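A.B. asks: For reference, the chains in residue letters:
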Amino acid sequence: MKKRNLYSLLVVLASILIFVTACGQEEKEVLNILNYDIYIDKSLLNQFEIENNVTIKYDTYSTPEEMYIKAKAGASNYDLIISSEYMIERMINEGMVNKLNFENIPNYNFIGEEFKNQPYDPNNEYAVPYFWGTLGILYNKNTVDVSSKSWEILWDKNHDQRIIMMDSQRDSFAAALRLLGYSLNTVNEQELDEAKELLLKQKPLVMAYITDGAPDIMINEEADMALVWSGEAVSAMEENENLDFVIPKEGSNIWIDAMFIPATTKNQTLSEKFIDFLCSKESTLRNIDEVWYSTVHTDAIKEVDEELLNNEAFNIPAEDINNMEMFRDPKEFIDLYSSRWTEVMAQEAN
Amino acid sequence: MKDRTKYFSYPYIVWMTIFIILPSFLVLLYSITSKESNGITTINFTLENYKLFFDPMYINILFDSMTLAAISTLICLILGYPAAYIISTSNISKRNTLLFLCILPMWMNMLLRTYAWMTILGNNGLINNFLEMIGFQKVNLLYTRGATVMGMVYNFIPFMILPIYTALSKMDIGLIEAADDLGADKKTIFRKIILPLSMPGVISGIIMVFMPAVSTFIIPQLLGGNKNMMIGNLIEKLFILNGDWNFGSAISIIMMIIILISMSIMNKFDVDKEGGARLW
Numbered sequence: 001m002k003k004r005n006l007y008s009l010l011v012v013l014a015s016i017l018i019f020v021t022a023c024g025q026e027e028k029e030v031l032n033i034l035n036y037d038i039y040i041d042k043s044l045l046n047q048f049e050i051e052n053n054v055t056i057k058y059d060t061y062s063t064p065e066e067m068y069i070k071a072k073a074g075a076s077n078y079d080l081i082i083s084s085e086y087m088i089e090r091m092i093n094e095g096m097v098n099k100l101n102f103e104n105i106p107n108y109n110f111i112g113e114e115f116k117n118q119p120y121d122p123n124n125e126y127a128v129p130y131f132w133g134t135l136g137i138l139y140n141k142n143t144v145d146v147s148s149k150s151w152e153i154l155w156d157k158n159h160d161q162r163i164i165m166m167d168s169q170r171d172s173f174a175a176a177l178r179l180l181g182y183s184l185n186t187v188n189e190q191e192l193d194e195a196k197e198l199l200l201k202q203k204p205l206v207m208a209y210i211t212d213g214a215p216d217i218m219i220n221e222e223a224d225m226a227l228v229w230s231g232e233a234v235s236a237m238e239e240n241e242n243l244d245f246v247i248p249k250e251g252s253n254i255w256i257d258a259m260f261i262p263a264t265t266k267n268q269t270l271s272e273k274f275i276d277f278l279c280s281k282e283s284t285l286r287n288i289d290e291v292w293y294s295t296v297h298t299d300a301i302k303e304v305d306e307e308l309l310n311n312e313a314f315n316i317p318a319e320d321i322n323n324m325e326m327f328r329d330p331k332e333f334i335d336l337y338s339s340r341w342t343e344v345m346a347q348e349a350n
Numbered sequence: 001m002k003d004r005t006k007y008f009s010y011p012y013i014v015w016m017t018i019f020i021i022l023p024s025f026l027v028l029l030y031s032i033t034s035k036e037s038n039g040i041t042t043i044n045f046t047l048e049n050y051k052l053f054f055d056p057m058y059i060n061i062l063f064d065s066m067t068l069a070a071i072s073t074l075i076c077l078i079l080g081y082p083a084a085y086i087i088s089t090s091n092i093s094k095r096n097t098l099l100f101l102c103i104l105p106m107w108m109n110m111l112l113r114t115y116a117w118m119t120i121l122g123n124n125g126l127i128n129n130f131l132e133m134i135g136f137q138k139v140n141l142l143y144t145r146g147a148t149v150m151g152m153v154y155n156f157i158p159f160m161i162l163p164i165y166t167a168l169s170k171m172d173i174g175l176i177e178a179a180d181d182l183g184a185d186k187k188t189i190f191r192k193i194i195l196p197l198s199m200p201g202v203i204s205g206i207i208m209v210f211m212p213a214v215s216t217f218i219i220p221q222l223l224g225g226n227k228n229m230m231i232g233n234l235i236e237k238l239f240i241l242n243g244d245w246n247f248g249s250a251i252s253i254i255m256m257i258i259i260l261i262s263m264s265i266m267n268k269f270d271v272d273k274e275g276g277a278r279l280w
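So the protein sequences, as listed, match chains A and B.
Just so we're aligned: the first sequence equals residues 1 to 350 in my numbering.
Just so we're aligned: the second sequence equals residues 1 to 280 in my numbering.
Pulled out of the complex, with its shape left as it was, chain B reads as follows (with noise of 0.2 Å):
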């Protein structure tokens, strides 16, 4: 008989040919289409727009923006990873409800979380009016790279917590507790089994955190002030200002290019080979 299960999958066929295939193929036309261009009747191929990104100056801002999303990333499983161990660890109903704690902020748009922010930070902000009552000068924190760091931070933590908690509690409780018979102290138990075994959701919260972070306009945009731009506020900028869609697309092309790479490296370091917590 045959399988007709398959055929379940052809809406999405159809859903990822309109919106996934067919934009990023006209990405990657535009990225190799001289500006010129006009309609199908007029098309000109180049790599003009390739070349023109290594330029010293959009080098320095893709090295800039990978830099402040490797930070945030870092600073993410720093922050992320005892978070998610101690949700796995606790019982039932308090594991839920800080599952749910994890959750709750990404219910509300992103925008809006970005902009309550702004009021922290501010230089009449709370942070500043609290240090200002305890009798400490005040400091500039909003529209500085920290303040950029942090958006991100704040913005992509749950990206970090979900997948590692994922891969923690699916962990088999019995190799602690035979690890433990057999004598090994707390360090090796970490190091030996819970860390190896979370290492799938640690890069898929790597990958999930680092994605969204390197190509983020809006958050150096509000709390960076613009005064850093990332390549994602190139891109933005290159085509809603100046109208240059195919350079910003070479550009697009280029960090997709950059992403799956990295992907592939991170799924080198992958030792849980029966997919898991992971994405890929």
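Bound conformation, chain A alone (with noise of 0.2 Å):
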């Protein structure tokens, strides 16, 4: 009896000692990050580890949504997330980031002001940005007519199993929305339900639903077009020069993403220090060169190459931007959503 509870004893213990050494051998600091995919030029990391002695552990996630389940569920205690303003401002207001001591951001002063005082953190207090850019319509030019300029466009029938749609509820149902003429931040049902209908009208034409892959399909032309955020699009358009980018007449999604420090932290100046880092012109300038989306650096846009500043995807022209909508956090109401979401996924196709 005594000999078998030793011996189990002793399995237990060997399996906690496999853990505490898979987590004690480090006794640099460790720096937990949380981004989306492709969304850093890699060597930056590196960088930050030799300049400080730290070590990063960098994790990857594809949409927002799913950013909000691993930061909830404490899989890991993040420093640093990177995400878009509508669950920045959710989670800001369910508790779970750190305000922010912005003296030891100095590089904060370059972010441009009008990326600044945004409804998701009015007072400036818990995020920094960190890309800008919007949602809209990758296309080969040989193959499409974008001459409407409109949304219309991804429901035309002439591309039947031709058109990439993302795998993404919000910014799916932004381009219904708006086509339809509603905000893209609608509560009212009956809205969202015509919206419903019209994803559901286009399943048919629809060749995929992807996150992140949209790119390299244009790129190879294996499909007509494709809903993209203009980062994408601007990546694309540097591999192949048949694709261009339309934002459509009804106007589009303008979102920003910035980095917090959730409240899971246990080196709040260390992460600190890691936006500093990243706001500064050089990183600014290497992360350009490696995800394509619109900076909010006033320093670095100087210094980026004329071909990239004609580029519309990027230099994203003032007067759509007026006609551009900032996704909110729908609180409660994100079960209009997702429960419509399921249904235009669920929904058979060929």
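Simulated from the structure, these hints should not be mistaken for laboratory data.
Just so you know, nobody snuck in bad clues.
With a cut-off of at most 25 Å between alpha-carbon atoms, the simulated SDA-like pairs for lysine to any residue come out as follows:
#, chain 1, residue 1, chain 2, residue 2
1, A, K201, A, D160
2, A, K331, B, N242
3, A, K72, B, L26
4, A, K331, B, G243
5, A, K281, A, N117
6, A, K266, A, T55
7, A, K149, A, E197
8, A, K201, B, P56
9, A, K42, B, Y115
10, B, K35, A, D335
11, B, K35, A, R328
12, A, K331, B, F239
13, B, K35, A, A263
14, B, K192, B, T89
15, A, K331, B, T33
16, A, K72, B, F217
17, B, K138, A, W155
18, A, K70, B, I18
19, A, K28, A, S76
20, A, K70, B, I43
21, B, K138, A, E348
22, B, K51, A, E348
23, A, K203, B, Y58
24, B, K51, B, I32
25, A, K141, B, V139
26, B, K35, A, T264
27, A, K203, B, M150
28, B, K35, A, I334
29, B, K35, A, N188
30, B, K138, B, A116
31, B, K138, A, D145
32, A, K203, B, K138
33, A, K331, B, T42
34, A, K72, B, L28
35, A, K70, A, Q268
36, A, K42, A, G213
37, A, K72, B, N44
Not the full set, but computed from the structure, chain B residues with beta-carbon under 8 Å of chain A:
#, residue
38, I61
39, D64
40, G122
Bear in mind that the values here come from a model prediction, so they are computed numbers and not experimental data.
Heads up, the beta-carbon is just placed ideally off N, CA and C, and yes, glycines get one too.
Once you've looked at the hints, go ahead and assemble the two chains, each given alone in its own frame, into the complex.
C.D. replies: Here's what the structure looks like:
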């Protein structure tokens, strides 16, 4: 009996030991970062690790909803998260975000004024803008006629099985809602139902619902058009000159992705240091070269090359911006979106 | 003297408790509590999550997943049985090579193998380029139900071949020779001897293929383009996107019950009561 207990105890101890040693090897400070996929020049992480003698654990996600679950479930105590404004708003409201000490982030001064005092963080206490952009249609100039400049292009029957949509509920609904002339933050059930019907009507034409993979498919000209974020469009246009980007006239979404420190952090100062590091001009320029989104950095934009500045997916025209709306956190009304999106996704195709 | 060997099972009991029994219990607990429950203090028991599932939309998804998984399993069986038979009847060096080839793809990450199929099936992929070269029209292969089924067959067919092979290679050759001597033709030998003796392998194979196929979510996502939601996608979506762990858990429990029921039905057909190639 004794022996048996001893044996099980040993096994338990051994397994605990494995866990402890796995974590305990690190004597350096650790920075746990959570970011979108393909959203940073990874060599910057190495550079920060070496310069500050720390270890960075880098983790990614593909939609803000997924990020929220990851941060909330607490599988890892993140020190820094980069995500989209409406989800940051939700997390601020739920007390999941720490206030920043801007004395540690001198480079904050370089962030353009137009990106500050935004509704998700009205007093600039919690988040530092990272990149911004919009939602639009990436299309192949040889096959698609975009003269209508409308979201309706995504419903064009001539491109049956050649349309890529996003597997992201807010973005897909944004296209449908704006086509109908509604706000993309609507919580009116009837408006949402109409948008849902529109997305259901589109489904037979859709080739695939994906996030992150659309640029590659477009570069290979396997599809005619795709609903994408502006930076994805820039990256694809850099690779294939037949591609172009249109922001529909009904208006689109303008988003700001920002860096914030979740309440789970154990190292606020180091995280702030990292934010400051990413806000430097050099880091920003290197990131632009990697992610191709529009920059919030007032100094870096002066050094971006001419070709990129002429690209309307990077240097988004002011008249388009006036017609854009920012996502807000729908709070409990989010179920109105997710239940309808499930219906769209559950609808049988071909 | 007491049997001391049983002590060796304790590590496994500890392991199973921590990694199988406890998580299953948590899933069960989530499935019978409401979303509003906050920790242990305000736990609310409810069957609402199960009721929610009996919406035609979810039943359709379930039915669709079972159909796709059943089709894949059937194709695996049709392709896998002859393959297993060929392997089991070939000479030893050839047999080892064939078995090795069968297992080799499994050394690679499943995600990678599935990605590879995207470049084969794509509109500008290998197959379509070949079709175009010999003067045919391009066809939509990727992002269809067919692509999903193909991905499942490709990924899970080793799980069909291996148990059938095991059953066939255990077979007593003497029985076949005896039947031959007594004048049975090849068809009869197959029907009366080989097939019944390989049934345990076939049943294991069906279970081994059907289970991962019915719950996969990555294959319909990558090869099906997310257009036909399978039950695995729904569960993933509920957990990762909607944060509705309670409903997600309820569906997982329902899936477990369905799989348990179908397994017990399959075992009824099992003729070999002595175990062998059977898994359960």
